[in-house]
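Just so you know, the protein sequences line up as chains A and B, in that order. If you read the first sequence in this note's numbering, its first letter stands for residue 1, the second for the next number, and so on. If you read the second sequence in this note's numbering, its first letter stands for residue 1, the second for the next number, and so on.
Quick caveat, the hints were computed from the structure, so don't treat them as lab data. These numbers were taken from a predicted model, which means no experiment stands behind them. We put the beta carbon where it would ideally sit given N, CA and C, even for glycine. Among the clues, some could well be false.
Said to hold, decoys possible - If you want a taste of the chain A side facing chain B, the calculated C-beta under 8 Å gives, among others:
(1) Ala-252
(2) Ala-256
(3) Leu-259
(4) Gln-265
There are 2 protein chains.
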Amino acid sequence: MSAKKIGFVGLGAMGLPMAINLARKQFHVAGFDLREEALAALVEAGGHRAVSAAEAASGADVLVLMVVNAAQAEAVLFAARAAETLPKGATVVLMATAAPAQVAAIAQRLAALGLDFVDAPVSGGTKGATAGALTIMAAAPKATIERVRPVLESLGDKLFHVGETPGQGAAVKTVNQLLCGVHIAALAEAMAMAEKAGLDGKLMLQILGGSAASSWMLHDRGPRMLEAEPVVSSAVDIFVKDLGIVLDAGRAAKLALPLSAAAHQMFLAASGMGLGGKDDSHVVEAYRVLAGRPPT
Amino acid sequence: MSAKKIGFVGLGAMGLPMAINLARKQFHVAGFDLREEALAALVEAGGHRAVSAAEAASGADVLVLMVVNAAQAEAVLFAARAAETLPKGATVVLMATAAPAQVAAIAQRLAALGLDFVDAPVSGGTKGATAGALTIMAAAPKATIERVRPVLESLGDKLFHVGETPGQGAAVKTVNQLLCGVHIAALAEAMAMAEKAGLDGKLMLQILGGSAASSWMLHDRGPRMLEAEPVVSSAVDIFVKDLGIVLDAGRAAKLALPLSAAAHQMFLAASGMGLGGKDDSHVVEAYRVLAGRPPT
């Protein structure tokens, strides 16, 4: 039995292109979001408009949640009654980034209602979402994964089954964000040191990018660290949040994460400088101020 | 005028294959090292044996130093009198990893003796040294670089002229080592978190290595973190030293380097656990002990 009717809640920068991809794959997609223009865009792509989260869930085989965090997922499922509206045996797929313990708690409440659950956070950004080329880190019993496989494979081209237990998908995403955040802050630390030594930024990126010092983030964020006003690809405050989730997960597991903690402080400092909405490459500004340049 | 006669001091894991490459390129190479077998290997490759650093320097157009650190370079140049033995107008090329301030001090003493100096640390490891494929980060006036270019291009295939001032080559290398060391420690932190969550290490490396979390170090050191006794490619104590140089340079420049400092503590902890001579991927063992696994 493969899923035919899909409810989709959260039609933001990620969720809207994901829901559109499902609609184009001939799924019946009932989407809900508070933003009218997102609903209109989904309808134009062949999807359907729901007037509430509960209506999106009504009669659905699968309910996909691409909301901002675990608190919003809980609000949709329980306060807005989407969970109790879903048919018995339906599957909830949570694709938002959330802390592993929060995801496990949501799964437990859904199980009590006779609902299946897939913990399936993603990486790949809006580009991957639009192209149907997300990386999906899915945790659930194998039979549950198989039931929603056609849905997941319409959204991503790299589907990893990382474990049987809800929260393990979130744990993989958390570890992923740990490295992403630390790599951006480490690059900022390195570039601030290079600038203080009077070295040319572009030449530094060329040298480091071709050596053992290289990283995906160096090639992506490095050039933006040399721009005064880079386009915002992902904001400083996203890593204030995501490294916060990393540290919360570490605290829950009684696990010391000294580099993540130091990196988080630098994103916090950048946010405290008023740069929370700027591109996350701007964490280098916090280092520059520490290096003696007056704040702009 | 291109260099014909080269003195080469320091025929270790890096220096020996570098000196052999020069001998094979038809330079006259007089090598010196305390290890007899290294001298024999150089002679077999067409080089010449010197009985002291001063003899290696005698009549040389270029004296290359590939010793362990700045203290050894000073000992060779000044205590062992290689500098005063060099002909006036000869060029000293320091390729060892040293702190920028130490390199600048050596350059100043050599200038007082009428000698030119190129600050030219390398990256690429023994593999790059053997293949003549090192990355060379050279700082010196342009004319000096041009004079030794044939020598440098026999040793590396990526020659960057990073500045005019001695110490700037060392600064680039320092920034490079900052990222290398932080990336290894960050990966260890990530893998320890994944293990604590019960996630499969190989699968984690596959997921992270194909995402924005990827780094050169993840692909190189990651698999070794999953081995009990990996071959020693570079030892834990090398990063105790190199991140120590990074932090010394930061201190000299009054520059806070919070991630480097945290990473250094983890390499120190691994060394304190008795793992200083093990492969640097073993820094993950320090995290594992912090995560609650009894020390082995």
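Taking the hints in turn, this is what the structure says about them:
1. Checking Ala-252/A against chain B by beta carbon gives a least distance of about 10 Å; that is not within 8 Å, so the hint is violated.
2. Checking Ala-256/A against chain B by beta carbon gives a least distance of about 5 Å; that is within 8 Å, so the hint holds.
3. Against a cut-off of 8 Å between C-beta atoms, the interface hint on Leu-259/A holds, since the closest Cβ of chain B lies about 5 Å away.
4. Interface restraint check: Gln-265/A against chain B, minimum CB-CB distance 7 Å, threshold 8 Å, status holds.
In summary, the one numbered hint that this structure violates is 1.
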